[in-house]
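Colleague: Residue-level listing of the chains:
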Amino acid sequence: MSVTLNRIGLQRDAYKGAATTLCAGCGHNSITNHMIKALYELGVEPHRLAKMSGIGCSSKTPAYFVETAHGFNGVHGRMPSLTTGAQLANRQLIMLGVSGDGDTASIGLGQFMHMIRRNIDCTYIIEDNGTYGLTKGQFSATADIGSVQKKGAVNTFQPIDPCAVALTLGCSFVARSFSGDGKQVVPLIKAAIAHRGTAIIDIVSPCVTFNDHDGSTKSYSWVKDHEESIADVSFVPFFEEVHVDYEPGTVRDVELHDGSHIMLKKLGEDHDPKDRRAAMRVIEEGRAAGHLVTGLLYVDTTMEDFASTEHIPDRPLKDLGEDDLRLSREDFETFMSEFA
Amino acid sequence: MTEQIINDLTIQAATVNGSGSQTANLVLTRAIFRMGIPVAPKNVFPSNIEGLPTWYQLRITPAGHMARTDQVDVLVAFNPSTWRDDLKSVRAGGAVIHEEAFSNADARSDVTYYPVPFSKLAKSKIQSDTLRKQLANMIYVGVVAGLLGIPWEAIEHGVRRQFLTKPKAVQVNLDAIKVGLDYWQDNFSKTDPYRLEPMTGLVEGKVLVEGNQAAAMGALMGGVTVCAWYPITPSSSVCEYLIAYTDRYRTDPATGEKRVAIVQAEDELAAVGMAIGAGWAGARSMTSTSGPGISLMAEFAGLGYYAEVPVVIFDIQRIGPSTGLPTRTSQGDIGFAYTLSHGDTKHLVLLPGTVEECYEFARDAFDYAERFQTPVFVLSDLDLGMNLWMTPAFKYPEKPFDRGKVLSKADLDRLSGQWARYKDVDGDGVTYRTLPGTDHPSAGFFTRGSGHDESARYTENADAYARNMDRLSRKLETARAVLPAPIVDETSGSSVGLIAFGSTHAAVLEAREALAAAGRPVDYLRVRALPLSAEVGEFVARHERVYVVEQNRDGQVFDLIRLDLPGALVERVKSIRHYNGQPIPAIAISEPLLQSEPVPA
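Chains as they are written, first to last, in our numbering: chain A, 1 to 340; chain B, 1001 to 1601.
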């Protein structure tokens, strides 16, 4: 059997991780596989990847892909701050954060919002199942109003929609998808990595144990019946040529920072991914119609990422030594004398 | 006229917060320092932007005592709302400069009054409407200069130094001071005993530095590259000074590139999270906060300890549980910081006792953090951090950075990729790490705050957990012997000893002089780090009674010391505590000590 190598000469297996300890059928496992496929096909160098997470089922998943990369499973809801610090220490790293709906929309909502506000260069994936799995099935803040818990309790609170929150804050990349829709998830992950800035992908990812029943709006059957993709997504990496074989006017092409392209083929109504208000409208209209709108909702490739705004050099700060960081003897003497 | 008192007095200026009085106070301080006279200023300010009372105490002693004192010799009364109480604080025979409009009809007869029409002088003599309020304070500097005989040259120096970056402001301020000096010369003849005279011997080569400036300089020279913080009194100025210093010394003038990242975070949780993320990725990182911030950082502190991530955390202590008194000092966080976080967490804590140590410990904290791969706390306080202290100029660091046990690509090649993140290869509890970005297939590992084995893999295995915790204890033992050792002075030959730490040092020095003069000399050990050095127990063993002096209610270090002692020695240790938010005066040590240890007849 011949083995296919990617552009940096690695097999797909090089992007695998430890065996999953999540439930069989968990949507998160599918996302892990999408991640492996995306990273392999992009040819991401494992040593440049930093896998970041908080606490929860979702946050365990960075152990299940690219085992040779560094990972940091921190504290609940605080992945954004760890990611921010690591990014500043070393701009060469590819920051890939995996979070959940509890981690992002409840305990970590503040950090999630402030990371977006700063436009930290990272991919931020929310594995969104509307429930607290590890603590056995409580509602999370993304659960829709009226949705029913396994034991029958009805959620009486408005959901927090991470995509709507991100759009409100001016997030530079906002997408939604479904764990069962690899055709869409994989190019979105690739585009998020190619994007320089905070790229949010809220991926509805059913919890087979606690939230896959009738009355849930995060179950496989509900999402399959209600998903409405706004465009077919394909991704052309910077190291491949763009072949245009679509009819003119049917495809929107967005060039990303590294020269890659994300191509969006119109399905129904035309959506301009550079129009933030249109993205909000699409979400609101979808919600009103009882649909789960998926696809690339918004992208802004003009916004500077945080490290650029802060004039952080490309050379990692972690590598700077005494000569870069200490004052010279002369400067030190002068400085000290000013306190006399 | 009574006998003259030369270079030995305390001036207290009672003013209104936000009125610009601090500039006048600093000019006066620098002018007197310029005369070669030791100065020890203490700023007592409210948690308020404008309107509440504030006091500035400027202590002047020929011996260079730097602790606060309760005694006021010269009062400058500017604040009508506190005038009655301020007047009561003056010692008998003291001098009182006050706004003429304040009534002293029912006031004391044992002080000398110098009423000055400050408001009228400001209105008639200061032309600028916009600057009048600020410059009115400068008039008092001129009156004090007249009263105490401060030469004009020293005043000019003080003003120039204070307005180093605003040279245009020098002349208007000098003019305002001249208004006060002229008023003094035209209206008063001196009847109080206080005078200043130039002196030599104690001030040469010294500088005036705030502890927070010193800490920022230490961080700068210690090679900090990522700093995340959230504003809080009294710690904010650490990072604000660091911003100023790095703007000046870490910015490439050609490209604007900065060799540092300083982030004002959304809260203290994010601040310490960013610092830990940066430390994990290999940067020298820090955060700075005070009590409430330390509380918020507790969970992350445990992650730093258990996942073994270097980070430096400054705690500039203020007093009180909850919000407490945000602008008053204490040493009340030490017990909490030492074990900050749940579940058998223990940290390395540095306890600077002088501003010079604020600089040195801040600088070296980054070495300790990377060497021991753990959070290092630097516990200063408001008194040390926000007041100016006379200090020898700081020394240029002679040692290179200690980046700790970090395996490079070449190291991993040499080891054929065989290594384990939490394996105690050297037996000192300190293991090897790799940094993200290391281009070797064996470099990566998964850092986690959950249970892990030697190879950093998830485990709930009982033995693996206990083994790892034992290794972390071993690491703490290694650090115990490496952190700054106590400074011991047993020259008194006494069977009684004092133990203190941090900003209490200044008061201890003065109290020891007073005790020796009273016939009760005492030995002294100053703790400079936690975990406690073995020398502390040895010091106790060599003395019959040892008094632990600290600025908190519960005797937190007193407790820590007794916990570490063999049972037979525990009873030897006594406690002296001061916790009203004001910096401890020497008398708060010498008086209780003399009560417990009367001088033999």
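To be clear, the hints were calculated from the coordinates, so they are not data collected in a lab.
Take the hints with a grain of salt, since some may be wrong.
Looking from chain A toward chain B, a few residues come up when the C-beta cut is under 10 Å (computed) [to be verified]:
(1) A69
(2) N73
(3) Q111
(4) A164
(5) K183
(6) E247
Note that the Cβ used here is the ideal one computed from N, Cα and C, for glycine as well.
Colleague: With reference to the structure, classify each hint as holding or not holding.
Modeller: Hint-by-hint comparison with the structure:
no.	hint	in the structure
1	A69	holds, 5 Å
2	N73	holds, 4 Å
3	Q111	holds, 6 Å
4	A164	violated, 20 Å
5	K183	violated, 30 Å
6	E247	violated, 44 Å
Hint compliance for this structure: hints 4, 5 and 6 are not met, and every other hint is.
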